[in-house]
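*Asks:* In order, the protein sequence lines correspond to chains A and B. 21 is the number of the first residue of the first sequence in the working numbering; add one for each residue after it. -14 is the number of the first residue of the second sequence in the working numbering; add one for each residue after it.
Simulated from the structure, these hints should not be mistaken for laboratory data. We put the CB at the ideal spot given by N, CA and C, even for glycine. Careful: at least some of the hints might be erroneous.
In silico lysine to aspartate or glutamate, DMTMM-like type, Cα no more than 25 angstroms apart, as pairs [stated by the list, open to error]:
{"no.": "1", "chain 1": "B", "residue 1": "Lys274", "chain 2": "B", "residue 2": "Asp314"}
{"no.": "2", "chain 1": "B", "residue 1": "Lys91", "chain 2": "A", "residue 2": "Glu46"}
{"no.": "3", "chain 1": "B", "residue 1": "Lys263", "chain 2": "A", "residue 2": "Glu92"}
{"no.": "4", "chain 1": "B", "residue 1": "Lys25", "chain 2": "B", "residue 2": "Asp115"}
{"no.": "5", "chain 1": "B", "residue 1": "Lys43", "chain 2": "B", "residue 2": "Glu242"}
{"no.": "6", "chain 1": "B", "residue 1": "Lys25", "chain 2": "B", "residue 2": "Glu159"}
{"no.": "7", "chain 1": "B", "residue 1": "Lys274", "chain 2": "B", "residue 2": "Glu382"}
{"no.": "8", "chain 1": "B", "residue 1": "Lys263", "chain 2": "A", "residue 2": "Asp114"}
{"no.": "9", "chain 1": "B", "residue 1": "Lys136", "chain 2": "B", "residue 2": "Asp47"}
{"no.": "10", "chain 1": "B", "residue 1": "Lys43", "chain 2": "A", "residue 2": "Asp50"}
{"no.": "11", "chain 1": "B", "residue 1": "Lys120", "chain 2": "B", "residue 2": "Glu141"}
{"no.": "12", "chain 1": "B", "residue 1": "Lys263", "chain 2": "A", "residue 2": "Glu54"}
{"no.": "13", "chain 1": "B", "residue 1": "Lys263", "chain 2": "A", "residue 2": "Glu53"}
{"no.": "14", "chain 1": "B", "residue 1": "Lys136", "chain 2": "B", "residue 2": "Asp65"}
{"no.": "15", "chain 1": "A", "residue 1": "Lys155", "chain 2": "A", "residue 2": "Glu97"}
{"no.": "16", "chain 1": "B", "residue 1": "Lys43", "chain 2": "B", "residue 2": "Asp92"}
{"no.": "17", "chain 1": "B", "residue 1": "Lys91", "chain 2": "B", "residue 2": "Asp63"}
{"no.": "18", "chain 1": "B", "residue 1": "Lys109", "chain 2": "B", "residue 2": "Asp92"}
{"no.": "19", "chain 1": "B", "residue 1": "Lys263", "chain 2": "A", "residue 2": "Glu97"}
{"no.": "20", "chain 1": "B", "residue 1": "Lys136", "chain 2": "B", "residue 2": "Glu242"}
{"no.": "21", "chain 1": "B", "residue 1": "Lys136", "chain 2": "B", "residue 2": "Asp55"}
{"no.": "22", "chain 1": "B", "residue 1": "Lys274", "chain 2": "B", "residue 2": "Glu242"}
{"no.": "23", "chain 1": "B", "residue 1": "Lys43", "chain 2": "B", "residue 2": "Asp63"}
{"no.": "24", "chain 1": "B", "residue 1": "Lys91", "chain 2": "B", "residue 2": "Glu141"}
{"no.": "25", "chain 1": "A", "residue 1": "Lys155", "chain 2": "B", "residue 2": "Asp266"}
{"no.": "26", "chain 1": "B", "residue 1": "Lys263", "chain 2": "A", "residue 2": "Glu46"}
{"no.": "27", "chain 1": "B", "residue 1": "Lys43", "chain 2": "B", "residue 2": "Glu141"}
Going by beta-carbon spacing under 7 angstroms, a handful of chain B positions derived as facing chain A [stated by the list, open to error]:
{"no.": "28", "residue": "Gly88"}
{"no.": "29", "residue": "Ser94"}
{"no.": "30", "residue": "Leu210"}
{"no.": "31", "residue": "Ala240"}
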Amino acid sequence: MSQDVVNLINHVQGAYARCIDNGQLEAWPDFFEENCTYKITTADNYAQGLEAGVIFANSRGMLRDRVASLREANIYERHVYRHFLGQPWILAEDAAEVSSETSFFVARIMRDGTTDVYATGRYLDVYRLNGGAPKLRERIVVCDSSRFDTLLALPL
Amino acid sequence: MLDQIIHSKSEPGHVWPSESLTRVPYWIFQDPDTYAAEQKLIFQGASWNYLCLSVELKNTGDFITTFVGDTPVIVARDSDGELYAFENRCAHRGALIALEPRGNTKDFSCVYHAWTYDRQGNLKGVAFKDGIKGKGGMPASFCMEQHNPRKLRLAEAFGIVFGSFSNDVPPLEEHLGEEIYSRIGRVMNGRTPVVLGRFTQALPNNWKLYMENVKDSYHASILHLFFTTFELNRLSQTGGIIVDASGGHHISFSAIEPDAARDNEYAEQDIRSDSEFKLADPSLLQSFKEFPDNVTLQILSVFPTFVLQQIQNAIAVRQVVPRGTGRTDLHWTLLGFAEDTPEQRLVRLKQANLVGPAGYISMEDGCVGGFVQRGIAGAGGEQAVIEMGGAGADSSESRVTEASVRGFWKAYRAGMGM
């Protein structure tokens, strides 16, 4: 059972990373439930219980707004990410939901070719399984570092 | 040798090109000697520098490490209830005394040779001071009282702690002036601040380019489309800028007049800011009334590197830390208040999306300084043109002005003797 869940989470997380890295941001909110939490924070803030995120959304609508703003409003130099994800570690599971933790490594490639380690950290997730089509009810992106280079535009 | 002297004289001159505040030479953002002089003359000169919030050091023994310019500093609360600040530099061989960003301690001990300091920065112990079995040790003439890291003067404004290396700078309240001081009070408003989060944004540019950006009310509604589209900040709103007499401190503010008719200035000028889009979840912008006035935006800066921000209900302190001629750390401390209701706290968490490294209306400020830093490469002898709104550095009812940018340079040149 657990191996099935690992496979399922692996599959959807692969699709999530591919979605962002391929620039298909419009599809990114669809990995979440309508009522969801998405937050990017730091290990320090998380350990200290500080609530605010670099990004904080508590609805899928807010994720769509984030994409719309990136597309239509915000100014930043063109760049892409390359996500590398670890294996999900299942923290808890029942028939309806799975809680998991997955490490990530994100390289950022600027338009001039400069490639940096942009962020490392872990996803703390709660997936609703929805009978085999899991969606994120919660994703807390805990970055290991408190330092963000220049800006954070594309989601992690 | 003579060749070198002649060569150095023929470099783009490090003399300010004119008396006017409307021209800024680009070498000011590039030159290592200027950077070094700033540490001495600006940051360790007659200035008050943001250190921390008083509430971050509630208990006896609480300490934080921070920076004044690029000089590392410790702030600690001692058993007398007072705050003390001193250089984070051991008097022995110069190593950092404290490594952690925050903590609680009885005293400080340098890891290198265990020289110890009390929470006021006084040297209290030297390992093996008297040697071992009568051999080695410090000379009898060595006097610990004469070997301390430099200490800072401290002052608080409404729970915000500032420090100064200068004995000459006037008391903080006098230094800031009534207009600036009272508007710090307006935001803090007698409440107990609560830290909601801390983030560091690494900026690829000289620290002064970020401070220019903070003081530049001209760019806000042009570069930041999110801001404008949702009417958080149209230049045609009521508002203005306040520049203190020194030029170095400023406030840019805008206020909502709900009944005021929208005008067509943007459409006529065909500025990019005119597009329309709707939020799928407009709760982001549902503010609560926090202040008795109608001011929805107040950006306040204290020379050289402190910013207090109110954007609707997003309250934050920004500390600018130079890290070399072309690098700057921007430390964001997002604030709520102990008096917040759960609903109000949620509004603050949502509106935090407006600011910080991923802020809808601040992410551009993270990259635009880098665009300048890269753009001026090889152009140290050229100059920026800062003439919007005239040549002065005075308060203005219009925000279509660069008066507070000129004010920054007025204070900077006074501090640097340029």
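*Asks:* Can the hint on alanine 240/B be confirmed by a CB-to-CB distance to chain A that is less than 7 angstroms?
*Replies:* At about 23 angstroms, which exceeds the 7 angstroms cut-off, the nearest Cβ of chain A leaves the hint on alanine 240/B violated.
*Asks:* Does the alpha-carbon distance linking lysine 155/A and glutamate 97/A stay inside the 25 angstroms limit?
*Replies:* Violated, because 31 angstroms separates the two Cα atoms, which is more than 25 angstroms.
*Asks:* Against the 25 angstroms threshold, does the CA-CA distance of lysine 43/B and glutamate 141/B hold or violate the hint?
*Replies:* 14 angstroms, holds
*Asks:* Could you grab the alpha-carbon distance between lysine 136/B and aspartate 47/B and see if it respects the 25 angstroms cut-off?
*Replies:* 17 angstroms, holds
*Asks:* Given the proposed pairing of lysine 263/B with glutamate 92/A, does the C-alpha separation stay at or below 25 angstroms?
*Replies:* 11 angstroms, holds
*Asks:* Given the hint that lysine 109/B pairs with aspartate 92/B, does the C-alpha gap stay at or below 25 angstroms?
*Replies:* Satisfied, since the Cα-Cα distance of roughly 9 angstroms is no more than 25 angstroms.
*Asks:* Holds or violated: lysine 263/B with glutamate 53/A, Cα cutoff 25 angstroms?
*Replies:* 21 angstroms, holds
*Asks:* Hint check: lysine 91/B vs glutamate 141/B, CA-CA at most 25 angstroms. Holds or violated?
*Replies:* Given that 25 angstroms is the threshold and the Cα spacing comes to 24 angstroms, the pair holds.
*Asks:* Assess, step by step, whether the Cα of lysine 136/B is no farther than 25 angstroms from the Cα of glutamate 242/B, and give holds or violated.
*Replies:* 48 angstroms, violated
*Asks:* Decide if the proposed pair is consistent with the structure: lysine 91/B and glutamate 46/A, CA atoms, cutoff 25 angstroms inclusive.
*Replies:* Violated. Lysine 91/B to glutamate 46/A sits at ~54 angstroms, over the 25 angstroms cutoff.
*Asks:* Under the criterion that the straight-line Cα-Cα distance not exceed 25 angstroms, is the pair lysine 43/B, aspartate 63/B satisfied?
*Replies:* 10 angstroms, holds
*Asks:* Next pair to validate is lysine 120/B with glutamate 141/B; report whether the Cα-Cα distance is within 25 angstroms.
*Replies:* Answer violated: lysine 120/B to glutamate 141/B is near 48 angstroms, above 25 angstroms.
Violation of the numbered hints given earlier is confined to hints 1, 2, 4, 5, 8, 10, 11, 15, 20, 28, 29 and 31; the remaining hints are satisfied by the structure.
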